[in-house]
Amino acid sequence: MSKWGELPLIFERSKAGRCACSLPRYELPEAELPAELARSQAPRLPELAEPDLARHFSALADRNFGIDSGFYPLGSCTMKYNPRLNERLAALPGFADLHPHQIPEDAQGALELCFRLQEALAEISGLDAVSLQPAAGSQGELTGLMLVRAYFADRGELGERRKVVVPDTAHGTNPASVTMAGFELQPVKTDARGNLDLDDLRRVVGPDTAALMLTNPSTLGLFEENITEVARIFHDAGALLYYDGANLNAVCGVSRPGDMGFDVVHFNLHKTFSTPHGGGGPGAGPVAVRRELEPFLPVPRIVRREDGSFALDSEQAKSIGRVRGFLGPFGVFVKAYAFIRVYGPALREMSEAAVLNANYLLSRLKDVYELRYDRLCMHEFVLSACALKREHGISALDVAKRLMDFGIHPPTVYFPLVVPEALMIEPTESESLETLDAFVEAMLQIAAEAAENPELLHEAPHDRPVERLDEAAAVKRAIVRYEFGESAPAFRQPSAGT
Amino acid sequence: MGTGYLALTDADREAMLAAIGVASIEELFADVPEQVRLKRELELPPPASELEVERELSELAGRNVSSGRELSFLGAGVYDHYVPAIVEAIVSRPEFLTAYTPYQPELSQGVLQAIFEYQTVICELTGMEVSNASGYDGATVAADACFMAAHATGRKKIAIAETVGPQVRQVVKTYAPGFGLEIVEIPHSGGVTDPEALLAASRGAAAAIFQQPNFFGCLEPAPDLARAASEAGALAVAHVDPLSLGVLEAPGAYGCQIAIGEGQAAGNRLSFGGPHFGFLAAKKELIRRMPGRITGQTVDRSGRRGFVLTFQTREQHIRREKATSNITTNQSLCALAGLVYLSWLGPKGLRELGETCLGLAELARQTLPVEEAFAAPSFKEIAVRLGRPAEDVVREAKKLGVNPGYPLGRDYPGLEDVLLIALTEKRSPADVARLAEVLGEVLA
Chain A
5 MSKWGELPLI FERSKAGRCA CSLPRYELPE AELPAELARS QAPRLPELAE PDLARHFSAL
65 ADRNFGIDSG FYPLGSCTMK YNPRLNERLA ALPGFADLHP HQIPEDAQGA LELCFRLQEA
125 LAEISGLDAV SLQPAAGSQG ELTGLMLVRA YFADRGELGE RRKVVVPDTA HGTNPASVTM
185 AGFELQPVKT DARGNLDLDD LRRVVGPDTA ALMLTNPSTL GLFEENITEV ARIFHDAGAL
245 LYYDGANLNA VCGVSRPGDM GFDVVHFNLH KTFSTPHGGG GPGAGPVAVR RELEPFLPVP
305 RIVRREDGSF ALDSEQAKSI GRVRGFLGPF GVFVKAYAFI RVYGPALREM SEAAVLNANY
365 LLSRLKDVYE LRYDRLCMHE FVLSACALKR EHGISALDVA KRLMDFGIHP PTVYFPLVVP
425 EALMIEPTES ESLETLDAFV EAMLQIAAEA AENPELLHEA PHDRPVERLD EAAAVKRAIV
485 RYEFGESAPA FRQPSAGT
Chain B
8 MGTGYLALTD ADREAMLAAI GVASIEELFA DVPEQVRLKR ELELPPPASE LEVERELSEL
68 AGRNVSSGRE LSFLGAGVYD HYVPAIVEAI VSRPEFLTAY TPYQPELSQG VLQAIFEYQT
128 VICELTGMEV SNASGYDGAT VAADACFMAA HATGRKKIAI AETVGPQVRQ VVKTYAPGFG
188 LEIVEIPHSG GVTDPEALLA ASRGAAAAIF QQPNFFGCLE PAPDLARAAS EAGALAVAHV
248 DPLSLGVLEA PGAYGCQIAI GEGQAAGNRL SFGGPHFGFL AAKKELIRRM PGRITGQTVD
308 RSGRRGFVLT FQTREQHIRR EKATSNITTN QSLCALAGLV YLSWLGPKGL RELGETCLGL
368 AELARQTLPV EEAFAAPSFK EIAVRLGRPA EDVVREAKKL GVNPGYPLGR DYPGLEDVLL
428 IALTEKRSPA DVARLAEVLG EVLA
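Quick note, the sequences are listed as chains A and B, same order.
Each residue of the first sequence is one higher than the one before, starting from 5 at the first, in the numbering used here.
Each residue of the second sequence is one higher than the one before, starting from 8 at the first, in the numbering used here.
Treat the hints as calculated values from the structure; they're not laboratory data.
Note that CB positions come from ideal geometry on N, CA and C, so glycine has one too.
Some hints here could point you the wrong way.
In silico lysine-lysine, DSBU-like type, Cα no more than 30 Å apart, as pairs [stated by the list, open to error]:
1) A/LYS19 to B/LYS291
2) B/LYS329 to A/LYS167
3) B/LYS329 to A/LYS193
4) A/LYS167 to B/LYS180
5) B/LYS290 to A/LYS19
6) A/LYS19 to B/LYS355
7) B/LYS329 to A/LYS480
8) B/LYS291 to A/LYS480
9) A/LYS322 to B/LYS163
Computed footprint of chain B on chain A, listed as stretches where at least three residues anywhere in the stretch have a Cβ under 8 Å from a Cβ of chain B [what the hints assert, rightly or not]:
10) 107–119
11) 339–345
Kindly produce the complete structure, drawing on both the sequences and the hints.
Here is the structure:
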């Protein structure tokens with residue numbers, strides 16, 4: 005632990021009278037501000053000179069881990085390399101300093117880029133029309149369900165169609181989006197092969213069904229083998245199919261959601277198309293739809309006029325409205341479009357490499373960690389630490405924490421919920437065989453350590469700035485902001501809860 | 008192979024296929040039914056080299072008239088404030104840039120501590136007790152606030168001032184049907200909201216939302232509006248400009264329960280509207296109703312201070328359909344830029360910046376050859392009456408190299424001759440003089 009030392013909060017580095025700020029001060033007339041509107045007590049913002057500011061945030065960066073730091077097989081998050089070219093392009097003054105209220109004639113380059121990205125996403129998804137507006141995957145989901153809602157309202161069927169079917173393997177965002185869009189959740193089971201249970205599905209789908217939300221390949225990393233039958237069941241019932249694009253990285257150029265029978269798709273540009281996730285955003289969650297749903301897309305739409313110029317169209321009477329400010333996270337669009345331009349039709353090779361990498365890891369690990377659904381996987385797979393738990397008391401969490409000692413970010417753990425002690429592993433196409441082998445070696449060593457030295461795993465990680473943290477105490481103490489003027493910082497005291 | 012982003016060699020692929028026990032990559036896709044396979048190439052432009060992509064996108068960027076290429080007074084929700092170099096240097100650190108959401112706290116203390124500091128800074132600015140880790144933008148956080156208020160009060164009506172940004176109101180209306188909310192708008196009176204009108208509209212409402220300074224740049228009688236909301240039993244929600252809060256009172260100090268806003272002005276470039284961040288802060292009793300990530304302080308096994316995502320039982324990955332929101336990815340990196348920027352300013356810089364904005368607006372008021380549309384005091388934007396359609400004036404002024412502002416008639420029928428002029432510290436008194444000259448010429 006010693007190499008890390010203790011890192012003060014920025015407020016603890018602060019000293020009255022210091023200021024990094026350097027802005028012009030003009031000769032200006034005095035403005036009158038009504039006393040009741042004027043600030044009564046200054047906000048206690050940090051007071052540091054710029055060198056200390058730089059050191060503080062550099063020290064914070066040192067305590068973080070990104071894709072550039074090492075292997076990051078976080079399942080369903082598609083942590084692929086983020087090309088630096090994309091950052092340079094998004095920062096071009098013609099993009100980064102363009103005001104969103106600029107008149108369209110003077111923003112033609114930006115509008116054309118958006119339009120081209122829309123066209124590329126339509127082709128990749130096999131659907132007809134795209135809105136780039138949603139800010140992230142989960143907002144894309146919500147937007148998709150709002151479109152479903154508007155579609156049925158327009159047909160006078162919204163009264164009956166109350167239910168959205170969601171498999172038990174779904175990301176938590178799916179059921180949460182169902183509630184936010186004003187629908188009711190109808191869960192459906194997974195069968196022994198990891199596909200949707202068709203009997204259960206036929207039982208629950210009926211005249212009250214509005215839609216299915218499906219991730220394909222699923223969060224188990226398995227392609228839905230009965231997808232055409234699933235689509236038939238929903239379409240025969242007059243319902244729609246929604247594709248959660250979280251796992252699109254498996255099938256670009258191989259199989260398109262539109263061809264599978266989906267009516268609405270959302271993309272995660274920060275997963276499939278390499279835009280960096282920034283430690284929790286920004287993302288981007290464009291939606292693509294079949295022609296029948298186009299009238300309901302968010303406004304403004306970006307349209308190409310007959311003379312080839314681009315314009316914004318807000319005159320769409322059936323539109324659900326606006327889901328976010330302006331046209332969406334434009335800077336993210338620049339990065340995603342640059343990525344698509346680099347690959348072009350070779351996006352298929354990207355997906356093939358992602359699937360090859362995942363199957364390679366699966367083949368090398370499945371004899372040591374349990375595999376519930378013994379099939380080839382797509383771009384990710386889910387192992388279970390059940391045997392380690394049963395035999396040695398080692399949990400998925402212990403495995404995850406020990407991986408950190410090898411300089412590897414852990415997989416997603418305890419998800420999907422249908423696999424106990426789940427370790428969900430997604431290597432992406434970015435990784436070399438050497439990196440994959442190093443991960444395999446680490447996983448095998450950890451399995452051996454579970455038998456020989458379980459304490460080592462319980463105590464992991466060993467060389468991070470903190471050991472395992474007390475999450476229950478965080479809720480109990482509810483310290484969610486720095487408390488100024490505390491005489492003795494609490495962080496040197498042992499936790500009362502443990 | 009068209010790209011240097013892939014590391015596998017032909018020999019690697021052969022060895023891996025052998026280890027898997029299949030003969031070809033094609034076999035790995037055996038589970039994909041024949042009838043849903045794409046039997047052609049994707050119809051996309053052919054692969055391009057890094058240099059070619061840079062040329063192509065630079066050409067597109069060059070077709071835009073960005074803020075450096077004309078003297079621009081555009082604001083109306085997104086503002087051309089100076090972004091210090093240190094902000095971009097820090098958010099470019101790959102450990103921040105290329106990380107995912109901090110699910111594993113031992114590998115994420117950097118971003119978790121930064122969020123904790125961000126939450127503190129937002130609470131200090133707004134006078135609130137809890138803040139989330141950020142929302143998508145200043146519009147979606149308003150919808151979040153509505154959802155919180157509806158849950159907290161059991162009421163379904165939302166009263167929102169017409170002087171709240173049009174896009175904010177549009178997003179609230181888009182979210183309303185799913186939440187089962189009824190939205191009532193409060194018309195303005197002389198550019199500001201009448202507390203009596205807000206009181207009347209807020210009876211039976213979960214929340215009353217107003218903006219300070221409002222979309223017209225006018226300062227609302229915010230304490231009176233908060234009082235009226237409370238009197239009606241509604242939560243008072245203020246949508247505020249973070250950079251105004253060195254000189255303007257904190258919403259928490261005049262009785263608001265929730266403060267929200269667009270964070271772009273703090274350290275984020277215009278970027279044609281995004282990505283930016285929204286902030287959402289509230290009084291402590293609302294913490295379990297809050298959407299989004301929250302970071303909390305705790306201790307590790309040895310008693311060392313550390314930070315974790317907390318109150319996660321509110322969130323979708325635990326609560327699924329009963330969650331407070333579906334949000335997962337938010338705007339961490341943009342919020343980090345906000346934190347670095349506000350730390351760079353400090354209390355003194357924030358106050359001076361506010362004074363500069365106030366002074367520039369006053370200078371514009373005194374020197375522009377146009378009359379003000381509204382009598383209320385302003386912060387950094389002023390609405391002026393041109394006596395002719397503002398859209399025409401914008402087009403003519405642009406020919407002289409000046410973008411004079413935002414025509415309010417785009418959103419407010421009846422205000423077609425009103426122009427909204429934004430004045431940030433990047434506009435000097437000489438720039439204001441040039442604007443006066445151009446407006447004089449165009450309006451002559």
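Hint-by-hint comparison with the structure:
Our distance criterion of 30 Å between C-alpha atoms is met by A/LYS19 and B/LYS291, whose separation comes to about 28 Å. In summary, the hint linking B/LYS329 to A/LYS167 is supported, as the alpha carbons are separated by about 15 Å, within the 30 Å threshold. Taking the CA atoms of B/LYS329 and A/LYS193, the gap is about 19 Å. The hint holds against a cut of 30 Å. Of the pairs offered as hints, the one joining A/LYS167 and B/LYS180 holds, with about 22 Å between alpha carbons and a cut-off of 30 Å not exceeded.
Distance restraint check for B/LYS290 and A/LYS19: the Cα-Cα separation of roughly 28 Å lies within the 30 Å cut-off, and the hinted pair is therefore satisfied. Taking the CA atoms of A/LYS19 and B/LYS355, the gap is about 12 Å. The hint holds against a cut of 30 Å. Our distance criterion of 30 Å between C-alpha atoms is met by B/LYS329 and A/LYS480, whose separation comes to about 22 Å. With a C-alpha separation of about 14 Å, the suggested pairing of B/LYS291 with A/LYS480 holds against the 30 Å cut-off.
Restraint check for A/LYS322 and B/LYS163: satisfied, since their Cα atoms lie roughly 24 Å apart, inside the 30 Å limit. Coverage of the stretch 107–119 of chain A by chain B holds [criterion: at least 3 residues with CB-CB distance below 8 Å; count 8]. Check on the stretch 339–345 of chain A: 4 of its residues sit with their Cβ under 8 Å from a Cβ of chain B, so the three-residue criterion for coverage holds.
The structure meets every hint from the earlier list without exception.
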